[in-house]
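Undergrad: Below, each chain spelled out in residue letters.
4 protein chains.
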Amino acid sequence: MQHFASDNYAGICPEALNYLIECNSSGHEAAYGDDTWTQKVCDRIRNLFETDCEVFFVFNGTAANSLALASLCQPYQSVICHELAHIETDECGGPEFFSNGSKLLVARGENGKLTPDAIEQIVTRRSDIHFPKPRAVSLTQATEVGTIYSVEEVRAIAAIAKRRHLAVHMDGARFANAVATLGVHPSEITWRAGVDVLCFGGTKNGLPVGEAVVFFDRKMAEDFAYRVKQAGQLASKMRFISSPWLGLLENDVWLRNARHANAMARLLRDRIVDIPGVSLMFEPQANAVFANLPIAAANALRGKGWKFYDFIGAGGCRLMCAWDTTPETVESFASALRELCTATA
Amino acid sequence: MQHFASDNYAGICPEALNYLIECNSSGHEAAYGDDTWTQKVCDRIRNLFETDCEVFFVFNGTAANSLALASLCQPYQSVICHELAHIETDECGGPEFFSNGSKLLVARGENGKLTPDAIEQIVTRRSDIHFPKPRAVSLTQATEVGTIYSVEEVRAIAAIAKRRHLAVHMDGARFANAVATLGVHPSEITWRAGVDVLCFGGTKNGLPVGEAVVFFDRKMAEDFAYRVKQAGQLASKMRFISSPWLGLLENDVWLRNARHANAMARLLRDRIVDIPGVSLMFEPQANAVFANLPIAAANALRGKGWKFYDFIGAGGCRLMCAWDTTPETVESFASALRELCTATA
Amino acid sequence: MQHFASDNYAGICPEALNYLIECNSSGHEAAYGDDTWTQKVCDRIRNLFETDCEVFFVFNGTAANSLALASLCQPYQSVICHELAHIETDECGGPEFFSNGSKLLVARGENGKLTPDAIEQIVTRRSDIHFPKPRAVSLTQATEVGTIYSVEEVRAIAAIAKRRHLAVHMDGARFANAVATLGVHPSEITWRAGVDVLCFGGTKNGLPVGEAVVFFDRKMAEDFAYRVKQAGQLASKMRFISSPWLGLLENDVWLRNARHANAMARLLRDRIVDIPGVSLMFEPQANAVFANLPIAAANALRGKGWKFYDFIGAGGCRLMCAWDTTPETVESFASALRELCTATA
Amino acid sequence: MQHFASDNYAGICPEALNYLIECNSSGHEAAYGDDTWTQKVCDRIRNLFETDCEVFFVFNGTAANSLALASLCQPYQSVICHELAHIETDECGGPEFFSNGSKLLVARGENGKLTPDAIEQIVTRRSDIHFPKPRAVSLTQATEVGTIYSVEEVRAIAAIAKRRHLAVHMDGARFANAVATLGVHPSEITWRAGVDVLCFGGTKNGLPVGEAVVFFDRKMAEDFAYRVKQAGQLASKMRFISSPWLGLLENDVWLRNARHANAMARLLRDRIVDIPGVSLMFEPQANAVFANLPIAAANALRGKGWKFYDFIGAGGCRLMCAWDTTPETVESFASALRELCTATA
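Residue numbers (full-length UniProt numbering), protein chains in the order written: chain V, 1 to 345; chain F, 1 to 345; chain E, 1 to 345; chain Z, 1 to 345.
Pulled out of the complex, with its shape left as it was, chain V reads as follows (with noise of 0.2 Å):
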């Protein structure tokens, strides 16, 4: 298959897959994840980030999010987030539907990005109660369109958040390809920048299934194991969703597969960049590339077998790298691309 379409194309990481079978091969486990490889996994993402947060394994981004975001908001509680975020764009609502209606709030911004100023703007606009009272900033790292808050940037917003009493959560779909770009520690963009709540996403990286929800603020954590079994997350044989996080953390697999994805993703960029008619749409600094081709080649392309989706309007195309996108794909796109448009030109 011959694609750019999605990271979530691509199979389970062999480290995570050994982690899988050999957990299986350990016998009978109990249940809900009071087992011992839960626990395991657990202890080594608070050795991960340095410190004694709460962590909880949900099924999906879906769901790590939704109900991380229903755990901090009440039914007439507001989130804000950026117009391009995921939980705006692609969860069919399911904010909406764990929260039982918190709004989402958009904002705009430059490279699919928060900024303080945008937050202030937005929980200064109401404060009566025909509006849905601000509870929450979301923050997508890295963003919908490939790019990465700096650290300073986390911070700035947190501390407008924490100023306007709001909670902050991370979108972290894809944080292990923005911790691979900005090379800071883990705890770094995360708690020691303010941020309350990070969804840990494992399956674009190289699990089968599963995400892990950690939360900085034990005392946001209360009672949410309820929630998750309430909702439907709670894996019976949960250590085979827990265990494959083990192959991910050991010897910085994590990072290595998303720093390979990235560097993927740049190679692509460096390829494609100087092709006549060919412009980025963001400089990449995560796995994604986002590109206005020409339509004719797009098609063309996607005549050839290639699979990529558009994204916003005509001509923008993202091409995604996975953990284990290789250079060969990489330089036969950008032949069969650069090869269409200097045809076309």
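There is no bait here: all hints are sound.
Identical chains share a label here; the pair holds if one copy fits it or two copies do between them.
Lysine-lysine pairs mimicking DSSO-like chemistry, simulated, CA-CA at most 30 Å apart: (1) K40 - K307; (2) K219 - K162; (3) K304 - K40; (4) K219 - K40.
What the hints contain is simulated information worked out from the structure, not anything from laboratory work.
Fit chains F, E and Z to the known structure of chain V by using the hints.
TA: Below, chains F, E and Z alone, put in the same frame as chain V:
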């Protein structure tokens, strides 16, 4: 681990694991179910039931049951179920959460089973708008107490349901165990008997994670994919949820696994039924034995490391067998129990 | 209209109507409760209860109870109530809808009343996350069967509730009738006995529409105004909901109305208790008589145009008196019943 | 009170109050809408619209709109509305709460109005299950900025809606004002133009409390009574909500009230349009004038006790007239404004 605690303590059966591994080695595949593996499993399930049913995969039983019921009921409608039904006693309000308020109306009944009369009584008790209108009947097959509805029983219930315009939902977390015992074709106990939606359990039968929701009435499945997505139950790498089903479905492994578990329960029953102080609570028909054990003996067994659940009041114990429970485990438990009870007596 | 069907069949008492009319003649006023009338009524209620409680007005009892409970409970938590409680039997799933899934856990108890033991039993039955965690106790005062909790009974329940970290909610649709019978200060049976939130009924007591939600624990009222707004319970012309309360609260009209209704029920009881074939189901303490009537007599009464409700099985009838039920109506009903029963006997 | 703040500040019009009083003097009546008054009003509304529509009464506009939309949409579906629609800006997430998550998809449009093109663009933008499927269009008539959809405009929108299988909801909080301006039969701008459900506002038009939900498509009204009950919107003493409508509907008082309010807005417009520094934001077609006032003048007016709302940014003011706003109030405000502006200029 010595236990009869739960069939969720067991691991992945080899056939399922093999397909998971094979699926992973097949390269990239489209996400969200648009892959060849998922397509193949859906077709296999349609073949199994000999009808053109709609098949969806979700992550666990809470979600399967709750989403199926939410698709049948509006918030002001209600579901009739047995007072011991899992959806009533062990989903932490999941059905009410997913449906935004559909009430469960509980009925009593011998051996954990609903009867047509009990349903009729509930349906006809109230017809005013101050009470939620019954819209569905939910049967658990096998029941929470290890018993099984016969084909005739399901048919009789479905007939009343039809007359009263109630949809028929079957919670089949242990559907395999029921079919194994009944020795009928799976269609006989489902759509041919009047069942509209089956939550077909795979996890307890040897899968790592995931249940199938099977709509025999395709019209009822309209837009169910949206519901699944919004509720955080759509797997991005769906093939890892679906492909292991191939291992269960090929060569009737699902039935072999179930027959084995049932046989172990039967063996356990036979080994303990005549122990002084021990009495069966229900005649085991599936993979669980419910028995009253002398409290001292139960405690002593626990002291020796045996795990099992209490059930309904003092002395009542649930002894659950899995697809890989060994005869040795059964014999070992029975011997220990016999010794303890004989010593006491 | 000849009836003992419901205290909702009665109209607006003159004192309440006068205030409605006076309020309307006072010119324009701010909307949504920012008016002088609403402020005045809230102060009056604070004076009545001799404490600085928070007061909100909503449109009816379903909303008052459901919103109060939703503010106490998260969706995965539960409410303990009597199996005959209005919130369980006559709100069409309202509490589950407003709370997005909080389950009602029902207990039995003599005379329609919860007991500390019953509550303790429910609270201690389960402590796992598969069952919704009890978070509140709901008492109905007066109960659905016309009985009344004594101050001691409420105190004993509140003590258990406190120990188990349960909030105490009182459904006071007929709170006036209870206070009238008990002859205690309204604070004695509410916050001084440990009640956290009272739904103070006005409609059955002579108002056109509207109930008060009184939070004795002001902290529990945080953001309740938002909840009321979102749930469609904020009156734009609030003064027409609030001002009629002045008519009830001045000169203790609310107690006078309740005493009259109670007296009529007592008179009715006295007139029918010795009729052959008639038996009391409960000793009436508020404004309703629950009695078993000979079925033929009940049917004959209905044939003569009398309206009243069946209650719990064959022969059980609810005879409800209102603030303006006349002694003549009581005598007329009793005579007709006596005649019918005597003729039959 | 000197104000152009809200038509909700006005009281009950005499004709409505008279019916409320008359209704109260007519003795006991059945509850929950089974009374002769409610029956009569429903028939009157059916006559008014010249069709056999289903009519329900609820307590306020938030509930009317939210319940109507919840009956049209499942949680994973969405509603298309203008970005200034009341349901988007002033219901505190009510529609999302009642529907358990249906998202509002907002469109821009001149004069506060949706266009067929804007709807078409939203409907066709996405067709994947990651985005909530549009199911309804909601029009506000008159709009939030005091403009009015012509019959042709409604028809054109309804045609697109029909083609795209969207139900058409009309938020008619100020429906009377729209009909008064358009001078058409109420059926022309509703069902004859393709509207499926109308929330027919009464409160702003002279009632104390209560709006009518009118289903022109009777099939859509199925079980709506249950929905109303569960959501806490069923009045026990319904006749006091319904009977005042007779006062509005007899002799076209509803249109007279609306015409007067509209005329006052027109007068106000004429008196201020040529004041230096004042500019109209929209040409008033209903009972509100939206104008930019010099900030100093606006503040000075407030200092003199005038109340009115800011609207959309600095200087934008909403001046709302009610059924009983007097010409003297208009002249007094206009004079004060002219004086302030002239002094400044």
